[in-house]
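Sequence order for the protein chains is A and B.
Each residue of the first sequence is one higher than the last, beginning at 120 in this note's numbering.
Each residue of the second sequence is one higher than the last, beginning at 4 in this note's numbering.
Treat the hints with care, as some may be off.
Stated by the list, open to error - Covered stretches of chain A (chain B as the covering partner; in silico rule of three or more C-beta atoms under 8 angstroms from a C-beta of chain B):
| id | segment |
| --- | --- |
| 1 | 130–137 |
| 2 | 424–432 |
| 3 | 437–450 |
Stated by the list, open to error - Just the calculated beta-carbon pair ranges, DEER-fashion:
| id | chain 1 | residue 1 | chain 2 | residue 2 | range |
| --- | --- | --- | --- | --- | --- |
| 4 | B | ASP145 | A | GLY122 | 17 to 27 angstroms |
| 5 | A | ALA470 | B | SER168 | 56 to 66 angstroms |
| 6 | B | GLU210 | A | LEU419 | 30 to 40 angstroms |
| 7 | A | VAL463 | B | GLU184 | 53 to 63 angstroms |
| 8 | B | LEU227 | A | LEU419 | 54 to 64 angstroms |
| 9 | A | ARG519 | B | SER183 | 43 to 53 angstroms |
| 10 | A | THR393 | B | GLU123 | 56 to 66 angstroms |
| 11 | A | ASP516 | B | PRO211 | 23 to 33 angstroms |
| 12 | B | SER183 | A | VAL408 | 13 to 23 angstroms |
| 13 | B | VAL19 | A | ARG519 | 54 to 64 angstroms |
| 14 | B | GLU191 | A | ARG519 | 23 to 33 angstroms |
Calculated directly from the structure, the hints in this document are not laboratory data.
Note that CB positions come from ideal geometry on N, CA and C, so glycine has one too.
Below, each chain spelled out in residue letters.
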Amino acid sequence: MLGTTFLLALRSIRRHILRSFLTILGIVIGVGAVVTMVTLGKATTAAVQSQIAALGTNILQIRPGQGFGRGGGGPRPPDFKPEDVAAIASQIAGVTAVAPQAQASATAIYEGANWSTTINGTTAAYFQVQPWPLVNGRQWTPQEEQAGKAVCIIGNTVRQNLFRGGEAVGERFRLGDVSCDVIGLLSTRGQAGFGGDQDDVVIMPIKTVQRRFTGNRDVRLMLVGVDQAYATSTVQASITQLLRERRNITDGREDDFNIFDTKQISDTLTGTTTALTRIVAAVAAISLVVGGIGIMNIMLVSVTERTREIGIRLAIGAVAREVLLQFLVEAVALSCLGGLIGLVLAQAVIAGLTPLLQVPWTFDPRINVIAFAISAVIGVVFGYFPARRAAALNPIDALRHE
Amino acid sequence: MANSAPLISLRGVTKVYGEGATQFQALKGVDLDIAAGDFVAVMGPSGSGKSTTMNILGCLDVPSAGTFLFQGHHVETLDRDQRALLRRRHLGFVFQGFNLLSRTTALENVELPLLYRGDEKRARRQAAMAALEKVGLDQWWDHTPAELSGGQQQRVAIARAIVTSPDVLLADEPTGNLDSERSIEIMELLTGLNRDSNITVLMVTHEPDMAAFARTVIHFKDGLVERIEAHHRPGETPERVEAN
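One chain only, chain A, in its complex shape (with noise of 0.2 angstroms):
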């Protein structure tokens, strides 16, 4: 009996190709919209949380200063010392390394091409702090680090535009009056989260920066890595009273340094992306429930034509509950139908939309499955209940409907 339900709901599909149609359609649009919806807000969140990443997490960023702004129009307050980075390289637990760093900007020449860019002074601590491989030659050694030699890792840009692209490491270049080797070269990290080309950089060591730049033993930044066992605001909280006893700090005044959690950037945007997603996926939905709308106006507009057809099928010997399976297969069939077109359409939007919003292409099999399932059950309720409808009359009314 069954098969013979089937066959007599795909004649029936197959017959009524327009209203068929009709019927997926708003199905078709309906999970398609939301799928690729929530997709793409998957999508986005993951390109932000691998941003983000890429600055690396569970890292304590330490300024002078208060928040973003010098604050106040008071003095400037003062840089750290080396002494600093020690102390807090020594004396909190829960830190695995402190990275500290001095900046400066000069113009860097080789064979007739200049360009300018900043110089970050560093210890081998911020390539252990942050992952960022290099991709070519080598760190510089302890040796060079405390000598302070002339050996610079430089980024991306700098090869880019100085060494017109051309091979880097090995090659000797000028860095405002001094003579510097390249040593390494820094795999590429794009725009950095609010702007800014993190490409753009020769890493020296500090020393270097501090005698042939600065001219100062200054420490403009500190970056910390704190050991996953650890929680951040724990290690967060030590390095902030470290640095008021450091900075003879009395109690009441106000922090003049400021420590940034990358984590709770991270966080944060997260639960925006989140946020967004969440009604995007929302506004999707309705369209999901406008298109079950759909197919109950096809199916009410249809129902003269069906009830007369039910009336035809009871009375040459149908027995109502073949009719309604019949009904039940077909509305499950369209739905199903509709529900695969939706989802191989989602593909076919998502995949051409991802390299356009650059965010990496996903799949996501929970939303896919839920919204199939939507689709399916609005394909029952609403192609099964006008049909229970009219088996329930008598063959004789049913027959006689205008």
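Given the coordinates of chain A, assemble chain B onto it according to the supplied hints.
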């Protein structure tokens, strides 16, 4: 009365529609026997109860009171599904409005009752083609109702009604939508089926010309059988006319 048990027997059948003030008694106690192999025309003005009787005889409706025996079995106690199965096995229907499935070929329309009977595909095809051949439309098997004339559609409907080799063919004004020439073709077809396949035919009509093809004519009036006439058709032996 017939010398064997009648195919169909109604006793004291009433049918009441509605309740209270709007109550309407369509049948007021009908007694009727129909012998197997008969060709019966049911006539009467509208409201006389002829359609109600046909619906009850077609197991589409149930009497309010009284008994309905079909081949000696009580029908009035059967439920909806049991009556559907009885229709499936023993009855065939032809309607005034043809009632074919649209966008469905003649062959598929004729196959439909066999599908519900669960016949195999090959058996279905053969039986449906044979039925179409009987009504002279085997050449038109792949045409949809929209591509067929009214007379052809009605012949497809007849093929659909007889494809299951029913005991009884119920026709509700089968010529009501056709011109006189087509009507006569349909009547000749029904007469032939009654004679050659020994199918009992019950036909509602208001046209005396069509009723003239029947062997027995039952006149209804005001919810009761008014009178029953027996016709003798040329070339037939009077013994076969058993009604009354």
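A quick look at each hint next to the structure:
1. Counting residues of the segment 130–137 of chain A whose CB falls under 8 angstroms from any CB of chain B gives 3; the rule of at least 3 is met.
2. Counting residues of the segment 424–432 of chain A whose CB lies closer than 8 angstroms to any CB of chain B gives 6, so the stated coverage by that chain holds, three being the minimum.
3. Counting residues of the segment 437–450 of chain A whose beta-carbon sits less than 8 angstroms from any beta-carbon of chain B gives 5, enough to reach three: the coverage restraint holds.
4. Between B:ASP145 and A:GLY122 the C-beta distance comes to about 23 angstroms, which sits within the given range of 17 to 27 angstroms.
5. Look at A:ALA470 against B:SER168: about 59 angstroms separates their beta carbons, and that is inside 56 to 66 angstroms.
6. A beta carbon spacing of about 38 angstroms between B:GLU210 and A:LEU419 agrees with the range 30 to 40 angstroms that was offered as a hint.
7. Our hint of 53 to 63 angstroms for A:VAL463 and B:GLU184 holds, since their Cβ atoms are close to 56 angstroms apart.
8. At about 42 angstroms, the beta-carbon gap between B:LEU227 and A:LEU419 misses the expected band of 54 to 64 angstroms.
9. Under the hint 43 to 53 angstroms, the C-beta atoms of A:ARG519 and B:SER183, about 26 angstroms apart, miss the expected range.
10. At about 58 angstroms, the beta-carbon gap between A:THR393 and B:GLU123 stays in the expected band of 56 to 66 angstroms.
11. Against the hinted window of 23 to 33 angstroms, the Cβ-Cβ separation of A:ASP516 and B:PRO211 comes to about 30 angstroms, which satisfies the hint.
12. Distance hint check for B:SER183 and A:VAL408: the Cβ-Cβ separation is about 56 angstroms, which falls outside the suggested range of 13 to 23 angstroms.
13. The hinted window of 54 to 64 angstroms between B:VAL19 and A:ARG519 is violated, with their beta carbons roughly 19 angstroms apart.
14. Under the hint 23 to 33 angstroms, the C-beta atoms of B:GLU191 and A:ARG519, about 28 angstroms apart, fit the expected range.
Checked against the numbered hints given earlier, the structure breaks hints 8, 9, 12, 13 and satisfies all the rest.
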